[in-house]
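Please build the complete structure, drawing on both the sequences and the hints.
Chains as they are written, first to last, in the numbering used here: chain A, -1 to 305; chain B, 10 to 390.
Hints in this document: simulated from the structure, not taken from any laboratory.
Small disclaimer: the values here were computed from a predicted structure and weren't measured.
Backbone N, C-alpha and C define an ideal beta-carbon position, used for all residues, glycine too.
There may be inaccurate statements among the hints.
With a straight-line cut-off of 27 Å between C-alpha atoms, the simulated DSSO-like cross-links for lysine-lysine are [to be verified]: (1) A:K123 / A:K141; (2) A:K283 / B:K112; (3) A:K283 / B:K102; (4) B:K112 / A:K83.
Label pairs and their computed distance ranges (CB to CB) [to be verified]: (5) A:R86 / B:N347: 29 to 35 Å; (6) A:V113 / B:W288: 23 to 29 Å; (7) B:S54 / A:D136: 23 to 29 Å; (8) B:N218 / A:M116: 41 to 47 Å; (9) A:M299 / B:E147: 53 to 59 Å; (10) A:F273 / B:H253: 40 to 46 Å; (11) A:T109 / B:L126: 19 to 25 Å; (12) B:L142 / A:D136: 19 to 25 Å; (13) B:N347 / A:F273: 29 to 35 Å; (14) A:E176 / B:I278: 27 to 33 Å; (15) B:N347 / A:F177: 18 to 24 Å; (16) A:E176 / B:F309: 24 to 30 Å; (17) A:D136 / B:W227: 39 to 45 Å.
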Amino acid sequence: MDEPKDQKETKQLTGEKTNVGLVERAKDTAVSLKDRALEEAKDYKDPQQTQVWKSIFRVSHERSDPRNRSLAILSNVFLHLHPAKINRDAVRYQYTWGMGGITFYLFIVLTFTGVLLMFYYHPTKIVAFRDILYLEHDVPFGKLLRNMHRWAAHLMVITTWLHMFRVVLTGSYKRPREFNWCVGVVLLVLTLLLSFTGYLLPDDQLGFWAVTVGTNMARATPMLGSEGPFGAQLGLTPYNDVRFGLLGGSIVDDNALLRSYIWHCIGIPLVASIFMAVHFWRIRKDGGISGPAPVMLESEMKVLKKK
Amino acid sequence: MSAIVEQPTSNSRRNKMIGWAVVIVLLGLFIYSVQDWHQLWKVASAADNIPIVAMLFLVPFFTWLGIKQAKANDKLIVNLEGDKTLAKSHHRKSEPWRPGWAKEIHVWPYLVRIEFLAAVIVTVVLYVWSITLNAPLEEPANPNLTMNPSKAPWYFLGLQEMLVYFDPWIAGVVMPSIIMIGLMVFPYVDSNPLGNGYYTLRQRRFALNMFNWGFLMWILLIFIGTFIRGPGWIWFWPGQTWDHATVVFDRNRDLHEIIGDFFGKTLGIPGFSLLNTNWVVKAMFGAIVVGGFYLVGALFFHWLMRRGPLRMKYLLSPKKLWAWAKEPDPFEEKLLANTSLLQYVTFQFFAISVLLAMPVKLFLRLVFTIKYVWVTPWFNV
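Have a look at this one:
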């Protein structure tokens, strides 16, 4: 494109070297900007040197430096429950079987898939079963979602048991970890209850009868159930006993579905999270993972101090 | 390490051979006895039963893994007990060790990478499992159509199976509570300071046997509930057809009835007929039986906790077996001396109430068709 006439004239009158035209100046600026951008882009080639990266991670990623390896754990909120260093034999999964960690991971998987399932589910007698059919046949990946939630729940029960089994075999419940073992027993119960409350939610024959059988046992609770020992003597009927409280009625119906849903999605996960926090915290406070510890000999056994 | 590992002796090799032979014979007998493969497959392949089928493989595998390490540690313990100078310089683990090695390693990356890998593997397993197997969904809930058999989820089938042997208030409420409390007191009654943080059988024989007995019983009850209980909660052996028309003529009777009938009617001893008529006598009779059971149970556990290891060869020679039954093990005696009275009594209570009462009642019910041993107007046991 031709330059405007008056600019050309100005150039001719003033001489290019003393007074550059607007376009030329713009060109110069553009060139220098480009150089500057290239110069700065060189710094971005290492994202770990950027302000954004440093603001998030705070530590250099140069992990060969032992200090940084420690800081990678200490300055990370998700990893800081770990110590910076552990016994070299403790990473042998032959010893731990990794079952506690896998149980926690499954809890996360269940929370994630569970929240997604909640988007498609109404805990009412009219639509609950229809929601499951909808989930299985119309929702994209709905079937996969439901399957994964179900199987992860079963797997979590198994891994919890195996974790407990390992802790017994290695004597890891012994001093000073007795209390944490108790917290673990509570978590086992909560895991089973979580699984059980979820069983009713599809509102199919399987869940309905399982919960009917399960809550019929509550009817027989001594002193709390209408059919339990001393229940009748204390004035309990099917309309005021502990089963009524669990189901929100005398039969497994709409209220039972809602109660089950709230316990399953809010109540028990909340309580379990608190117990989990204590469980993990106490692992650290009780001296980290129990072993593999050096063996003690029978000849070295001292009679314990009795208080 | 190399000094500790011994070559397997011909004896242990022979034992292994015998073990495998027994397994193969049992397997053969089982296959021979199966009448209805379709029924067996239907139960074993039910999507919700997959976990319990998996447990049948997982539990033996992890038991083996634990025992393998326990045996390595036990061998080390024996060696160190015999060589005091070695005990002072040895690093005391069966894991490999070199003098220059650092005792500790960084969690980043050595632990974090394992956790990451475990998470990836579990995720892959879950995806494969979820793609290949669908979560069960039955017909819509219908209070007018009872499912037969109507079963709880597999991990509660142990409780449901207990309903056969106990009244609901015991099976559903008291037993689970006692089991949970019993698990919680477990670390407090185990007064043995050895075996903290390493696998060992030798140093914790009794505690491990007690826990594993309970664990095994639990899995066994679940197994019975899953594979053996068919329509009407009737006992069908694995491989038998679940026939909905099956009727079982079990005449379950209470213990006081059997005793009353036998001594009162058959032998004609006066007074025993009161067992069938007077509720006070019935209740007192039951209380005495249950009290006696607790007494015998306590003596049994008191005897059992002081025994040494029971070796296979003892079972073949009555003389050796008698010596084992008669002579307390000095190490176990030492452990008992370390136990406070409160610990001892607490252990006895839970051991008798769960670990002994459960199998005894199961036996009474299944073999002698006895329903209750203690009948009162308020509760029956």
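For this session: Quick one: which hint numbers does this structure break? Sort them smallest to largest.
Result: The structure breaks hints 6, 14; every other hint is satisfied.
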